[in-house]
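Protein chains in written order, with this note's numbering: chain P, 1 to 434; chain W, 435 to 684.
Read the hints as simulated data drawn from the structure, not as lab findings. Values in this document were obtained by computation on a predicted structure and should not be read as measured data. A virtual CB, placed ideally from N, CA and C, is assigned to each residue, including glycine. Hints are supplied without guarantee of correctness; some may be wrong.
[To be verified] Chain W regions said to be covered by chain P (calculated; three or more residues, Cβ under 8 Å):
| hint | stretch |
| --- | --- |
| 1 | 498-511 |
| 2 | 524-530 |
| 3 | 541-550 |
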Amino acid sequence: MTDSTQSTGATPAQGDKNLFQSLELDMRLLGMIGAFVIIAIGFSIATGGNFLTPRNIFNLTVQTVSVAIMATGMVFVIVTRNIDLSVGALLAVCSAVVAIVQVRLLPGTFGLEIGSPWIAPLAVLSGLLVGTLIGVFNGVLIGYQAIPAFIVTLGGFLVWRYAGWFLTGGQTIAPLDSNFILLGGAEGTLGEFWSWVIGILASVAAVWAVYSARRNRINHNFPTKPLWAEFTVGGIFVVAILGFVATLNAYAVPAGKLRRLFEARGEVMPEGFSQGHGLPISVLILVAVAIVMTVVARKTRLGRYIFATGGNPDAAELSGINTRLLTVKVFAIMGFLCGLSAVVAQARLQAHTTDIGTLDELRVIAAAVIGGTALSGGAGTIYGAILGALIMQSLTSGMGMVGVDSPLQNIVVGAVLVFAVWIDIVYRRKTGDI
Amino acid sequence: MTTPLLEMKNISIRFGGIKAVDNVSISLMPGEVVGLLGHNGAGKSTLIKILAGAYKADEGEIFVDGKKVEINNPRDARAQNIETIYQTLALADNLDAASNLFLGRELTTPFGLVDDAKMEAESRKIMARLNPNFNRFSEPVRSLSGGQRQSVAIARAVYFNARILIMDEPTAALGVHETAMVADLIKQLKAQGLGIFLISHDTREMMELCDRVSVMKNGQLIGTERVEDVTEDDILSMIIMGKNPKREAA
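With the rest of the complex left out, here is chain P (with noise of 0.2 Å):
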């Protein structure tokens, strides 16, 4: 700022933008961010603080888990100029799939005891490789057929649905395993003591992060961020993942619920005793994909080649990346995440039905694209999209909150990603970026 006063009248915008430049921000994620804080701040006044109770953030966060991991694949479909308008009927066939094996086939054609503890890994399992092959099914169809990837995917959303309600009859298959029940959120929590030691590594894991990115760039002596800007984001890092699990703690588990476990157990609970939940299982889940995924996008060459070739399908073949196996690998890993989304949204409602995740590929295109994928490719990013499912699931759960009714719902919804997207035209077109 010394020198500001041989520049005329930019002082304060260069100001701010001199310190989002050294911290190296994503003005983009910022932006999210914000729009989320606001969308909290307003439906907790809306709601007279209920919006942001330990409670509500909990089921918010549960209910997200689902369309966010199908999200962080929708990501690279998208990078890569394609669509996935299946999603969602992928996951219905995969939960009719994982319903089947751990209710009917499983206890009954195999003869597992009920409750056995092979039951819910087999039934997982089967889910993954249904969702994979298919996934792989869709994928030499667009690579090696050149099948647009737009009626692949939508007559898939027709196929893949009624393959599901075909394969169950259309019943409602329940009650389910019930240690495949503690993946679904709610059920499935680590309680404080280990949500605390999982918050703990996590922030020590962040600090070290960013401590090893910058070692490194001094091995190389590229250039690097002021000391004092790594303080402030490892800072940022590790009182938002000790915040999250001090909220997700400080949801005690109810009363009632606990005294039926001591009993469970033949013990008599204590008097005055209490728990918090704590880290859901599923939020597990979502932080484990969450980070292979961008792992995947920013540190293997499977990453690279995926932007390359959504940045210039043409460079990327001349290349010698071989684009037609990377379509098959790209939806190859969007099958296996929408197993992995069947898995816990069926746990989460405790039953498979044949609606289940109807309209979640919208969700998941919405959320991707609010999180800054760009349909014309080439560009998007992992925790964008997270994002993105979270914004997009507050909006619809705080309005509920508040009584909005159900049709004035969608509208809103489906108005706001129409409008995220002309804020992120405009904010390009004046940035300079595609």
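Got chain P; can you put chain W on it based on the hints?
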């Protein structure tokens, strides 16, 4: 007589009913620059795209060091140390210089992850040699100037020890200073023993840089001449009339 570094013999390719390249044979010696001349649509770019593996010839054979090779895709061409700098600058605009330079051949860490720091360091080294003013390593290449983008494309070919370099209008998008830079580079690479195919519309530039020129028209090879044996007018008449004045006179 020494073995040519590269020979393409009786190459033909059809697109629909049109013979884009019709029974063309050309060769390249080590340390030689051969210019390909002709109107737009004469078949020059198609011919070199066959060599680069972007198209597959319907007929004809390719020999490297006298040995017959199959080039079915760009990976095969790279395996023969054939590198191409395309007219349309085959860069992924959304990636930075280092990612483009190593596209398809990323350096990896022992864990199999891409080693961005190493690639940036290597890019900095080679760019210091080719274009010392270049310092925009962390930006996507879309924000670079034509000359900067061209130097990324050239660096990509040079870094991987090309033996046969194909340059399709390498100076078309460049200013005077940058054109001179590319010309110097061609001479430098030639001195290192690379064989270079150069495509350009600038006949004068070709007379200066090339040892031999091959002229094409309507998919056919009109003739290949040593530049000291012909005048610029001779070449122009080959391009325009499709006739070889030297041969006609003889």
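Query raised in the report: So which of the earlier hints does this model not fit?
Result: none
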